[in-house]
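Listed below are the residues making up each chain.
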Amino acid sequence: MMKKTIITVVGNDTVGIIAKVCTYLAENKVNILDISQTIVQGYFNMMMVADTSGSDKDTGTISKDLSVLGEEIGVIIRCQHEDIFNKMHRI
Amino acid sequence: MINIFEVNETNKMIEQENLDVRTITMGISLLDCIDSDLDAMNEKIYKKITTLAKDLVSTGDKIAMEYGIPIVNKRISVTPIALIGGSACRSIDDFVSIAKTLDRAAKTVGVNFLGGYSALVSKGMTPAEELLIQSIPQALACTERVCSSVNVGSTKTGIDMDAVKLMGEIVLETAKATKEQDSLGCAKLVVFCNAPDDNPFMAGAFHGVTEADCIINVGVSGPGVVKNALQKVKGRDFETLCEMIKRTAFKVTRVGQLVAQEASKRLGVPFGIVDLSLAPTPAIGDSVAEILEEIGLERVGAPGTTAALALLNDQVKKGGVMAATAVGGLSGAFIPVSEDQGMIDAVNVGALTIEKLEAMTCVCSVGLDMIAIPGDTKASTIAGIIADEAAIGMINQKTTAVRVIPVIGKGVGETVEFGGLLGYAPIMPVNRFSCEAFVERGGRIPAPIHSFKN
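Protein chains in written order, with the working numbering: chain A, 4 to 94; chain B, 154 to 607.
Just so you know, not all the hints are guaranteed correct.
Okay, derived cross-link-like pairs now, SDA-like style, lysine to any residue, Cα gap no bigger than 25 Å in a straight line [claimed, not checked]:
(1) B:K399 / A:D86
(2) A:K6 / B:Q414
(3) B:K470 / B:E447
(4) B:K418 / A:D59
(5) A:K67 / B:S211
(6) A:K23 / B:N156
(7) B:K332 / B:S211
(8) B:K215 / A:T64
(9) A:K60 / B:E219
Facing chain A, a subset of chain B residues (Cβ under 10 Å, in silico) [claimed, not checked]:
(10) T163
(11) M218
(12) V405
What the hints contain is simulated information worked out from the structure, not anything from laboratory work.
On a predicted model such as this, the values are computed, not experimentally measured, just so you know.
Where a beta carbon is used, it is the ideal one built from N, C-alpha and C, also for glycine.
Let the sequences and hints guide you as you build the complete structure.
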């Protein structure tokens with residue numbers, strides 16, 4: 004079953020953020036379904052909808068890995084099940 | 154499809170406004186552990202708790218990680234121990250042995266509190282219930298994670314004034330028994346009127362006899378989220394204000410409902426209720442007092458405070474009820490003093506008194522909560538405070554409670570530090586006039602009439 008995960012990246016804009024995140028996702032067989040990006044108050048702000056069901060790693064591990072990767076790049080990367088947003092914003 | 158702004162809104166609530174799920178509480182019935190042999194019963198209790206709750210903490214942590222929402226506490230509530238220990242316990246020590254078993258079980262499964270060292274005596278006390286109440290000071294002094302509560306009255310039964318008098322003494326004795334830790338034992342002891350069976354919040358949680366064998370109850374929180382939302386409607390009319398509180402409470406509660414359903418599914422335990430409460434913590438911005446100030450009060454305690462709290466409490470329920478499949482517990486705004494920086498500040502500048510807090514308890518959930526009072530306060534005075542709160546609950550058909558801490562060796566003007574979620578508190582003055590003759594009467598206050606409401 005498709006397991007939709009929302010990945011968000013927030014921080015100072017720099018070269019190669021999307022590339023590094025996408026490389027990690029590709030290496031771990033996470034399929035990207037949608038990407039949107041915006042600059043909010045000078046901050047780089049990206050949201051990806053991804054399907055983690057094909058990955059060998061569970062969401063907890065992916066989430067930890069991405070958070071470490073974020074620290075390396077100097078941005079905050081979060082990885083959350085989409086339901087928390089659906090429940091909060093959709094009746 | 155969810156958009157980036159909605160995602161950002163949710164994450165802002167979590168990171169900057171302290172949105173969290175305050176507790177997942179597993180309610181466990183111990184009725185099938187009753188045995189006339191004390192050792193056998195303790196063994197059964199330990200086994201049942203450690204079996205049913207063995208995955209509670211890890212499941213909670215996993216849900217928190219997957220959804221990116223902090224789940225602050227994982228806790229357990231059990232059937233009131235006075236009912237369980239009745240046939241095996243002959244002495245205070247016998248009951249205390251159960252408290253130790255509960256403490257051991259709590260440590261084994263890794264929960265930070267376990268509630269239910271309780272007695273329900275709203276109309277009268279059995280010998281076992283009286284014995285349990287007598288054992289509370291010792292039980293709370295020699296355990297770390299056990300919480301105790303006693304229900305001394307209800308709208309249907311009136312108030313058991315014998316129990317009220319006894320609880321005045323027990324609160325003071327508990328304070329003395331834990332005086333080395335600034336009377337911390339009293340922070341784990343609640344005296345109720347109209348106690349709910351399905352409350353997930355400590356220290357007053359117990360698993361009522363009306364409940365199923367094992368259930369999951371969830372308590373949501375988020376005072377900081379409400380406060381920040383209200384900044385957007387500064388100066389607008391009450392309709393706009395109320396609408397904003399409702400919308401925010403809805404969003405916060407949906408998260409609680411999601412976590413409750415997930416926890417219930419993964420643990421294979423039926424979902425009980427979501428408790429719609431605004432539970433503050435000592436963290437800056439996680440304060441109910443600050444919401445009231447955002448509504449338009451210079452300080453909590455100013456005229457208008459009771460009205461502001463009444464509307465806040467009502468709107469939180471209106472917004473939350475639609476977001477949850479079943480609502481229960483205490484559901485409302487908590488107004489503890491030591492756990493809320495805005496309350497502490499209001500006390501320190503002289504804006505907030507115990508008398509005003511008492512008025513506030515008429516319109517919000519629970520009652521006089523985490524209030525430090527001088528250590529030389531008389532037992533009869535504490536009993537009088539309990540009787541006043543119980544009367545408010547009884548007449549208004551609501552839950553009220555008293556959790557006061559007479560800090561042994563300290564007086565007004567001094568501060569007491571409890572640490573962690575329990576926070577710190579300035580010691581508040583108590584009315585010095587006596588109610589001893591009132592408390593000494595003994596007997597019951599009869600149940601009130603339910604007509605001629607004025």
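We went through each hint and held it up to the structure:
For the suggested pair K399 of chain B and D86 of chain A, the alpha carbons sit about 21 Å apart, so the restraint of at most 25 Å is met. Between K6 of chain A and Q414 of chain B, the direct Cα distance comes to roughly 17 Å. Compliance with the 25 Å bound is thereby established for this hinted pair. Pair hint K470 of chain B plus E447 of chain B holds up; C-alpha atoms about 19 Å apart against a cutoff of 25 Å. Of the pairs offered as hints, the one joining K418 of chain B and D59 of chain A holds, with about 24 Å between alpha carbons and a cut-off of 25 Å not exceeded.
A hinted pair counts as satisfied when its Cα atoms are at most 25 Å apart, and K67 of chain A with S211 of chain B qualifies at roughly 16 Å. In summary, the hint linking K23 of chain A to N156 of chain B is supported, as the alpha carbons are separated by about 23 Å, within the 25 Å threshold. Taken as a hint, the K332 of chain B and S211 of chain B pair is broken in the structure, with Cα atoms around 35 Å apart against an allowance of 25 Å. Between the alpha carbons of K215 of chain B and T64 of chain A the distance comes to roughly 11 Å, so the proposed pair stays at or under 25 Å and holds.
At most 25 Å may separate the alpha-carbon atoms for a hinted pair to count; K60 of chain A and E219 of chain B meet this at roughly 13 Å. The criterion of a C-beta within 10 Å of any C-beta in chain A is met by T163 of chain B, whose closest approach is roughly 6 Å, and the hint holds. About 5 Å separates the beta-carbon of M218 of chain B from the nearest beta-carbon of chain A, less than 10 Å, and the hint is met. Nearest Cβ of chain A to the Cβ of V405 of chain B: about 8 Å, under the 10 Å cut. The hint holds.
In summary, the one numbered hint that this structure violates is 7.
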